[in-house]
Amino acid sequence: MTPHAVAALAGPVLDPIVDLRRMLALHFMVNAFRAGTVVAVLAAVVGWLMVLRRQSFAGHTLAVVSFPGAASAIWLGVSATAGYFAGSIAAALVIALVPRSVAGRPGGQESAVIGTVQAFALACGALFVSLYGGFLDSITGLLFGSFLGVSDSQVLTLGAVAVAVLAVLAVIGRPLLFATVDGAVAAARGVPTRALSVAFLLVLGCTAAEVSQVTGALLVFALLVMPAAAAQQVTARPVAGLVLAVGFGLAVVWVSLSVAFWSPWPVGFWVSTFGFALYVGAAGGRVAVARHRRTPVGGRRGAGERERGRALAPGVVGA
Amino acid sequence: MTTAAFFVLAHPFLESAFAAGTAIALASGLIGSVVVLRGQVFAGDALSHVAFTGALAALALGVDLRLGLYGGCLAFALLLAVLGRRTGADDTVIGSVFAWVLGLGALFLSLFTTSSSGTGGNGTAGVSVLFGSILGLTGGQALLDTAVALAVVAGMVAIGRPLLFASLDPAVAAARGVPVRALSTAFFVLLGLTAGVATQAVGALLLLGLLAAPAGAAQRMTARPFLALWLSAALAVGSMWAGLTIAYLAPLAPPSFGILGVATAVYLATFAWPALTRHRGAGSTRATPPATVSGSGGVIGAR
Amino acid sequence: MAEDRTIGADPAVHLADATVRLGGRDIWAHVDLDIAPGTFVAILGPNGAGKSTLVKAVLGVVPLAGGRLEVFGRPPGEGGGDIGYLPQRRSFDPGMRVRGVDVVRMGADGDRWGLPLPWGAGRRNRDARVDDVIDLVGATAYARRPIGEMSGGEQQRLLIAQALVRNPRLLLLDEPLDSLDLPNQAAVASLIADISRAAGITVLIVAHDVNPIASALDGVVYVARGHAVSGTPDEVITTETLSALYDTPIEVLTTSDGRRVVVGQPDAASHHAGPHGHAHGDTGTHDQGERR
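Taken in sequence, the protein lines are chains P, G and V.
Per numbering that gives the first Met the number 0, numbering through the first sequence is continuous, rising by one, with the last residue being 318.
Per numbering that gives the first Met the number 0, numbering through the second sequence is continuous, rising by one, with the last residue being 302.
Per numbering that gives the first Met the number 0, numbering through the third sequence is continuous, rising by one, with the last residue being 291.
Possibly wrong hints are sitting among the right ones.
To be verified - Not everything, but these chain P residues come out facing chain V in the computed CB check (under 8 Å):
(1) Asp151
(2) Val154
(3) Ala169
(4) Val170
(5) Ile171
(6) Phe177
(7) Ala183
(8) Val184
(9) Ala187
(10) Arg193
(11) Ala194
(12) Gln231
(13) Ala235
(14) Pro237
(15) Ala239
(16) Arg292
Don't read these hints as lab results, they were simulated from the structure.
Beta carbons are placed, not taken as given, at the ideal position from N, Cα and C, and that holds for glycine.
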């Protein structure tokens, strides 16, 4: 029996200190927490921008593509981590380099492409898993997350990539935000909006690959979108929002890992459930607060309201 | 050709697979075409998650998986029909809901595989929901699936013309007396049935590809909606036959990989070879002014 | 009422024999135009004539196919903070969770690389300037709310603040009044006029309808059929001038309350017929997104 099974079989004592100690006595759990922490921070920051840019589904697609990457890596005998990154980054490059005209009409065509890419990626993953004789366990782990067997080198890789990505974001974050909120004006000011979009796609690819390794390729939404979206529901202030997103992400990961350790159910389920609960709570809270203040959420203020401002010269006489 | 036919007939499981597969591909191609036309590919994505979770919930509860599969799909399809156009929920909300649904599915999968009521085929049932089991269909199952798929095909043939009208131009169609709302509901019900039946062929995770790829390819090849409809069906059936053949010749590869691989290759071909899209006509893209600034996110048209 | 700094100065915008070509056809050609600094000038014309294109050319976003264009004596595109820009028909997604004050701040330093330091004199100065300009446009009461939740008029005020925050010498406004209701049109128009007069800013405003801004105008540029005519409103918006420009009978009527109505102008030939009143052609495409 694996140490995990032994510990889990014994069940939680429901004394947090004791349970925590027992859990963290296992090296792979320590690694799992390290990995989860790193990934949560990265996902919160990148996810905050991604939600603002309405690119949630691009993030999801990039993560789905990491599944065949990881599966093929296992089949080839290489580390799965490398496979995750290779899959997502390659896909990000393809999306970035595909000229816009090929994307075709907006609406139906673009989604048909994304849907096909997702399905084909999953099919390839199934192929590779079948090739190396993997069973349901490995598929479940790759698709829905598993914290077993997080190695030291994996933690180091995740950490290094996260640091690199965050450094890049520190440099390009401000003009990227400008380009996101106000593309035309930013471009007029000389901000290289197209190059920044490409750069962000690559950032997103790396992040999706990182998150996949914690939540599984299909459930990255839980860490990439939900904490950041919840934070944005609470506040529209950028710095506060980012900090809150990171806090939410860490909370979701830590709680999910702890609960998943003691339960037989996949960590991806727990992450998505807690993340979703958080998001619904934040959104619901915002609606409730707004109703309490009797300010319409998303409503419009009266057109006839007079704003106070500095006294200006009265209306101009004809030129 | 005849030798191939005899070969198929000599192997019962192949016969079931080809029969059911053809019908399913036909249905998927037809309805997928309308899905892409209406710009509602997301509905297919959502349905795939619901199919997965529904089927596994049924398995975990110990009932026939088709109960959960069809039940979930149809219930969700009716929900979509009732909700109508996007009410203002954006990508974040929709994606979050379906991520959670998928997470639930993972739970049910885990419950099912660890439940003591499961037989040695637990793992197989889970995988077959995920990635399909067309070669593993029994005669009875195949018969039912073929019947359902053919019902969808018949439905599409019956309502195809007014449905296309209502999809392309709802306001004008309504003015002409076309029951847009009822057609929309019928469409979603057919889509739900297709999702249920396609899950058994290529799996819940991949049914989106069967809906999107042949339809997308057909739409790139022609701008005429009816032609696209039948072209999409033809491409889907072709992909199915080719995929099943590959699956027979290369048993290590899952059959759904072959089917989807061919469908994707065809779609890819319409991008790589402009000659195939030569007949697009009115739908062709225009040259965009070079100065188009590429913002993203917050800028939309006037309120 | 010219101010001292405008006498004898170089024109703010100077076009000589300028031509712009987009999508293979000449939008307008051989245009000669001088806009004096500190003046309030409207760019008028029918749909698709190239009004927005003129603005984009001044910004340097659209290159000239021929002729010369100078902004304050320099080639276009080098203005940086000297030019404030309000693009056409911006309306923020109702779900956009960014505050109005942050949108204005981006106008101040959003194009700079690296992270802003949360301390220091530079930061304080910037914040003070942002608060000042928000106060100037009268948006202090609601600036700290998410911009997606504001009305059209409120959003426009904040966007004007964003365009003004770096003390530009030239303000380019592309149909800023288009999506506003009438009372807001009047309010925003007079706000722009007052600010520009007080600070001596040159204002180029693209408009469909001259009437909300007529009383503040120093000059008019009328773009139609590949040409542009400029002068004072009384010179340009006349039956004779417009008929000559369009080469077809046009009548300019003046109503009893002084408003001018142009009758008989054909729309410029556009690529595709759209709903009445929408600008097409040079104003870029609207991405409808996926219907759900």
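Verification of the supplied hints:
no., hint, verdict
1, Asp151, "violated, 31 Å"
2, Val154, "violated, 27 Å"
3, Ala169, "holds, 5 Å"
4, Val170, "holds, 5 Å"
5, Ile171, "holds, 7 Å"
6, Phe177, "holds, 3 Å"
7, Ala183, "holds, 4 Å"
8, Val184, "holds, 6 Å"
9, Ala187, "holds, 5 Å"
10, Arg193, "violated, 13 Å"
11, Ala194, "violated, 12 Å"
12, Gln231, "holds, 4 Å"
13, Ala235, "holds, 4 Å"
14, Pro237, "holds, 6 Å"
15, Ala239, "violated, 10 Å"
16, Arg292, "violated, 12 Å"
Comparing the model with each earlier hint shows violations of hints 1, 2, 10, 11, 15 and 16; every other hint is respected.
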